[in-house]
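Trainee: Residues per chain are reported as follows:
2 protein chains.
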Amino acid sequence: MLIPVILSGGAGTRLWPVSRKAHPKPFMRLADGQTLASSTIRRALKVASGGVSLTVTGRDYYFLTRDLYREAAPEGEHHFLLEPTGRNTAPAIGAAAHWVRDHFGPETLMLVLPADHLIRDHAAFAQAVSSAAELASKGWLTCLGISPTHAETGYGYIRAGEPLSDGLEIAAFVEKPDAETAQRYYESGQYLWNGGMFCFSAGAILAALEEYVPDISVGIAQVWRASASDAEPVELEPESFAAVRADSIDFAVMEKAQRRAVVPVSCGWSDIGSWQAISELYEGDALGNRVRGEAVLVDSRNTFVQGEQRLVAAVGVDNLVIVDTGDAVLVASRDRAQEVKAVVDELRRTEHDSAIHHRTVHRPWGSYTVLEDAEDCKVKRLVVRPGGVLSLQRHRKRSEHWTVVSGEATVRIEDREFCLSPGEATQIQAGQLHRLENHGDDNVHIIEVQTGSYFGEDDIERLEDIYGRT
Amino acid sequence: MLIPVILSGGAGTRLWPVSRKAHPKPFMRLADGQTLASSTIRRALKVASGGVSLTVTGRDYYFLTRDLYREAAPEGEHHFLLEPTGRNTAPAIGAAAHWVRDHFGPETLMLVLPADHLIRDHAAFAQAVSSAAELASKGWLTCLGISPTHAETGYGYIRAGEPLSDGLEIAAFVEKPDAETAQRYYESGQYLWNGGMFCFSAGAILAALEEYVPDISVGIAQVWRASASDAEPVELEPESFAAVRADSIDFAVMEKAQRRAVVPVSCGWSDIGSWQAISELYEGDALGNRVRGEAVLVDSRNTFVQGEQRLVAAVGVDNLVIVDTGDAVLVASRDRAQEVKAVVDELRRTEHDSAIHHRTVHRPWGSYTVLEDAEDCKVKRLVVRPGGVLSLQRHRKRSEHWTVVSGEATVRIEDREFCLSPGEATQIQAGQLHRLENHGDDNVHIIEVQTGSYFGEDDIERLEDIYGRT
Chain R
39 MLIPVILSGG
49 AGTRLWPVSR
59 KAHPKPFMRL
69 ADGQTLASST
79 IRRALKVASG
89 GVSLTVTGRD
99 YYFLTRDLYR
109 EAAPEGEHHF
119 LLEPTGRNTA
129 PAIGAAAHWV
139 RDHFGPETLM
149 LVLPADHLIR
159 DHAAFAQAVS
169 SAAELASKGW
179 LTCLGISPTH
189 AETGYGYIRA
199 GEPLSDGLEI
209 AAFVEKPDAE
219 TAQRYYESGQ
229 YLWNGGMFCF
239 SAGAILAALE
249 EYVPDISVGI
259 AQVWRASASD
269 AEPVELEPES
279 FAAVRADSID
289 FAVMEKAQRR
299 AVVPVSCGWS
309 DIGSWQAISE
319 LYEGDALGNR
329 VRGEAVLVDS
339 RNTFVQGEQR
349 LVAAVGVDNL
359 VIVDTGDAVL
369 VASRDRAQEV
379 KAVVDELRRT
389 EHDSAIHHRT
399 VHRPWGSYTV
409 LEDAEDCKVK
419 RLVVRPGGVL
429 SLQRHRKRSE
439 HWTVVSGEAT
449 VRIEDREFCL
459 SPGEATQIQA
469 GQLHRLENHG
479 DDNVHIIEVQ
489 TGSYFGEDDI
499 ERLEDIYGRT
Chain S
39 MLIPVILSGG
49 AGTRLWPVSR
59 KAHPKPFMRL
69 ADGQTLASST
79 IRRALKVASG
89 GVSLTVTGRD
99 YYFLTRDLYR
109 EAAPEGEHHF
119 LLEPTGRNTA
129 PAIGAAAHWV
139 RDHFGPETLM
149 LVLPADHLIR
159 DHAAFAQAVS
169 SAAELASKGW
179 LTCLGISPTH
189 AETGYGYIRA
199 GEPLSDGLEI
209 AAFVEKPDAE
219 TAQRYYESGQ
229 YLWNGGMFCF
239 SAGAILAALE
249 EYVPDISVGI
259 AQVWRASASD
269 AEPVELEPES
279 FAAVRADSID
289 FAVMEKAQRR
299 AVVPVSCGWS
309 DIGSWQAISE
319 LYEGDALGNR
329 VRGEAVLVDS
339 RNTFVQGEQR
349 LVAAVGVDNL
359 VIVDTGDAVL
369 VASRDRAQEV
379 KAVVDELRRT
389 EHDSAIHHRT
399 VHRPWGSYTV
409 LEDAEDCKVK
419 RLVVRPGGVL
429 SLQRHRKRSE
439 HWTVVSGEAT
449 VRIEDREFCL
459 SPGEATQIQA
469 GQLHRLENHG
479 DDNVHIIEVQ
489 TGSYFGEDDI
499 ERLEDIYGRT
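Top line first, the protein sequences correspond to chains R and S. Going by the numbering used here, the first residue of the first sequence is number 39, and it counts up by one from there. Going by the numbering used here, the first residue of the second sequence is number 39, and it counts up by one from there.
Certain hints may be false.
Residues from chain R shown here face chain S by an in silico Cβ test under 10 angstroms; the list is partial [as the list claims (entries may be wrong)]:
(1) 334
(2) 338
(3) 347
(4) 375
(5) 410
(6) 441
(7) 442
(8) 461
(9) 467
(10) 485
Below 16 angstroms or equal to it, Euclidean Cα-Cα: the simulated EDC-like pairs (lysine to aspartate or glutamate) are [unchecked claim]:
(11) R:379 <-> S:337
(12) R:435 <-> S:462
(13) S:379 <-> R:337
(14) R:435 <-> R:495
Hints are computed from structural coordinates only; laboratory data are not their basis. A virtual CB, placed ideally from N, CA and C, is assigned to each residue, including glycine.
Full structure from sequences and hints, please.
Mentor: Here it is as structure tokens:
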């Protein structure tokens with residue numbers, strides 16, 4: 039049996055302003071309209087034997103990831119381990135191995151996949167996974183090694199060694215090279231890119247962790263004992279998890295292990311590491327321009343525009359990336375797209391909200407979009423999914439005015455409960471207990487106007503919450 | 039007596055996306071926070087003797103212009119001629135001359151000024167106006183001629199002739215030159231820029247119109263007879279005005295006239311004709327970057343950013359103009375800033391709203407800003423000035439929900455009239471007669487949520503309107 043273990047985290051700062059801390063790269067929608075998370079779960083379940091997946095992600099990403107999976111792969115059985123904080127891949131994979139061993143036995147194979155990569159050739163990928171699983175079932179710690187298409191300096195490399203029945207032994211893992219070394223690697227034909235995809239049995243990786251990083255092995259065992267490991271999702275116990283040393287599985291295990299193998303694969307892989315990489319997913323016009331959204335380009339060339347609701351106009355420019363979102367716009371030289379990270383660093387330094395949140399924020403019950411955030415009021419569009427229930431709550435400093443624009447909303451204010459249809463409105467005074475629910479089959483859309491003296495998200499007292507947020 | 043005659047119109051398409059048809063260049067706020075219209079009226083009244091101004095503008099611009107004037111020059115007596123359509127400067131100046139002659143006599147001097155130019159040296163300007171007035175009072179048709187600061191190809195030139203007591207005779211008006219000719223003009227010292235500023239008596243310009251363009255002269259006389267010329271504002275009668283041939287005062291009169299003079303002036307003049315010109319009003323940093331609004335620039339140079347509410351980030355770019363507004367963003371090469379016009383042409387061709395309106399739209403009673411414009415609802419912030427009264431109106435296809443966020447609103451719905459304080463709300467069903475008034479001393483801010491099936495501005499039936507819009 040093979041269970042995909044999807045590692046989903048990381049902010050993807052080079053893809054700001056679309057990728058942000060509260061809405062990282064796996065949630066970005068690409069040219070095909072799909073999120074990377076959706077594409078990953080579909081790809082994973084195609085090669086998994088049992089329809090079971092395990093995803094290791096942060097608490098904040100759980101509900102949205104689960105919802106995307108349910109939509110993208112409703113037939114799958116999706117399990118989650120929630121990390122209270124990021125500790126790199128070794129602890130995440132260790133915890134996942136515990137889960138797999140406990141539920142399916144130590145011989146069960148784990149296929150570790152990052153949630154935010156793109157693979158275009160599914161057949162080649164499936165073939166490589168099949169070979170990797172063969173090796174893993176014989177006890178090899180196995181990587182997928184991506185056949186380089188150019189002399190890339192941005193990835194680590196794997197030097198291949200002696201051939202095996204279904205792949206090659208790994209001679210060495212090597213760090214990101216300089217340009218000259220990358221060229222040599224590329225031309226030699228002996229090196230493969232390390233794309234962070236692994237296959238091994240739960241027992242084998244747990245044994246390897248114990249052998250090569252005993253402190254992490256002991257730490258993860260403690261986390262596992264301290265966590266309610268049969269819960270769904272499993273919330274990894276915060277105190278013990280925070281005590282585990284952060285390390286990558288590459289450095290902790292793969293670089294030191296004895297029985298390690300690589301399966302070379304050419305599967306149209308991309309780590310979608312920059313806007314340059316995203317722009318290449320679009321067809322260019324005769325002048326090399328690529329546009330998603332609404333744009334007017336006057337005498338401009340080799341320019342990529344990704345817009346949302348606003349119009350983007352360019353005049354006489356060349357070789358730019360222009361990315362427009364609700365609250366921020368990025369203009370970057372295409373060749374310098376990697377350096378977008380520096381913008382995010384600066385925004386974090388100044389605690390600018392656009393490093394973290396979008397105007398649209400996902401919640402377990404749906405989402406809200408901020409339409410106006412001013413001194414005297416805040417206006418939001420709330421979208422409550424069928425079955426969605428906002429917590430029973432009250433605010434000290436603001437009143438709320440709800441106008442239903444579509445769907446049928448069930449509203450409770452203090453002890454009164456009633457339904458509101460499109461065009462109907464109600465108001466909730468500061469201090470009044472209230473709750474909003476959607477008992478219907480369609481999304482409920484509400485315009486919420488907040489009035490009062492303070493509109494921070496922290497002015498909320500939750501008395502009941504079906505999502506455990508009290 | 040000298041009366042400033044301010045010509046205010048024109049879309050300023052090279053300054054899109056800030057300048058738009060419904061919000062043209064005179065209403066743009068520059069680095070000093072002032073609109074060009076405000077600066078112009080203040081400058082004009084400083085050199086005028088009687089505190090009286092006359093502005094010729096379009097109907098759509100009247101209320102906003104009047105409000106800006108009242109704020110910028112509350113001591114002035116501001117009169118308006120409203121053109122139903124633009125017919126270039128000769129008919130506008132002709133109508134203004136009728137008004138000045140009828141009210142103050144034919145000897146009264148007119149100082150014609152465009153509403154959307156910038157002058158930095160007020161003393162030099164005042165000195166030149168004084169000389170021009172001297173000449174005008176002796177019957178000369180006088181221009182201010184701007185001493186060139188470089189070989190500009192974008193302006194018409196005036197070739198100076200024999201000296202007069204307070205200026206120079208005009209030898210010729212010449213068209214915009216090519217680069218080589220402009221260089222020759224500049225080096226000769228005999229040429230001045232034509233900035234569209236004139237001084238003459240009402241009687242002299244009417245006589246000149248009669249002599250050189252009798253058809254326009256007759257046409258304007260008919261317009262004047264057909265219009266209620268003592269009204270305030272004077273609305274030029276549409277049918278007769280439309281029949282007047284459009285022509286510039288330069289071509290119609292100045293190029294042909296006999297007694298014509300020019301007063302050279304160096305007054306830090308700019309016609310603010312492009313984003314390049316606007317960027318030069320800001321101090322650059324060590325890398326030549328100029329920023330208005332919130333921006334993060336990473337390794338970028340010679341770049342001008344003008345933002346509003348959103349963050350603009352630039353990475354590794356050089357020599358760009360980036361202008362961000364509520365619904366459109368422009369990225370242009372600085373050298374190509376003149377070509378922004380091509381974007382507007384394209385937007386007009388496709389009837390894109392961003393060629394015409396901003397998210398904030400000015401109305402006689404205040405303004406509104408569209409916060410959300412969707413299939414299922416439209417959300418606006420209404421700002422009603424003290425004394426402002428929206429028309430008594432009703433809508434067929436939408437209900438409106440008003441939540442007061444600041445100020446005290448007086449609301450009428452059908453035959454009920456009541457007050458709403460901040461935090462209070464009401465709703466108006468489709469078909470219900472309603473009106474909103476501000477009887478207080480502070481602006482009233484209201485969030486309006488429209489629900490229903492259609493949210494176009496044309497679904498409005500006005501029964502009474504104090505601004506004459508029924």
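Trainee: Would you mind marking each hint as holding or not holding in the structure?
Mentor: Here's how the hints hold up against the structure:
Residue-level restraint check for residue 334 of chain R holds (minimum Cβ-Cβ distance to chain S is 5 angstroms; threshold 10 angstroms). With a least beta-carbon distance of about 9 angstroms to chain S, the hint placing residue 338 of chain R at the interface is held under the 10 angstroms criterion. Interface hint at residue 347 of chain R: satisfied, since its Cβ lies 8 angstroms from the closest Cβ of chain S, which is below the 10 angstroms cut-off. With a cut of 10 angstroms, the hint placing residue 375 of chain R at the interface with chain S holds, because the nearest CB-to-CB distance is about 7 angstroms.
Hint status for residue 410 of chain R: holds, given a least beta-carbon distance of 5 angstroms to chain S, under 10 angstroms. Interface hint at residue 441 of chain R: satisfied, since its Cβ lies 4 angstroms from the closest Cβ of chain S, which is below the 10 angstroms cut-off. Proximity of residue 442 of chain R to chain S holds as hinted, the smallest CB-CB distance being about 8 angstroms (cut-off 10 angstroms). About 4 angstroms separates the beta-carbon of residue 461 of chain R from the nearest beta-carbon of chain S, less than 10 angstroms, and the hint is met.
The interface hint given for residue 467 of chain R is met, as the beta carbon of that residue sits about 8 angstroms from the closest beta carbon of chain S, less than 10 angstroms. Interface restraint check: residue 485 of chain R against chain S, minimum CB-CB distance 5 angstroms, threshold 10 angstroms, status holds. The straight-line distance between the Cα atoms of residue 379 of chain R and residue 337 of chain S is roughly 12 angstroms, inside the 16 angstroms bound, and the hint therefore holds. The hinted pair formed by residue 435 of chain R and residue 462 of chain S meets the criterion: a straight-line CA distance of about 15 angstroms does not exceed 16 angstroms.
For a cut-off of 16 angstroms, the pair hint linking residue 379 of chain S to residue 337 of chain R stands: about 13 angstroms separates their Cα positions. With a C-alpha separation of about 11 angstroms, the suggested pairing of residue 435 of chain R with residue 495 of chain R holds against the 16 angstroms cut-off.
Going down the numbered hints, you'll see the structure goes against none, and every one checks out.
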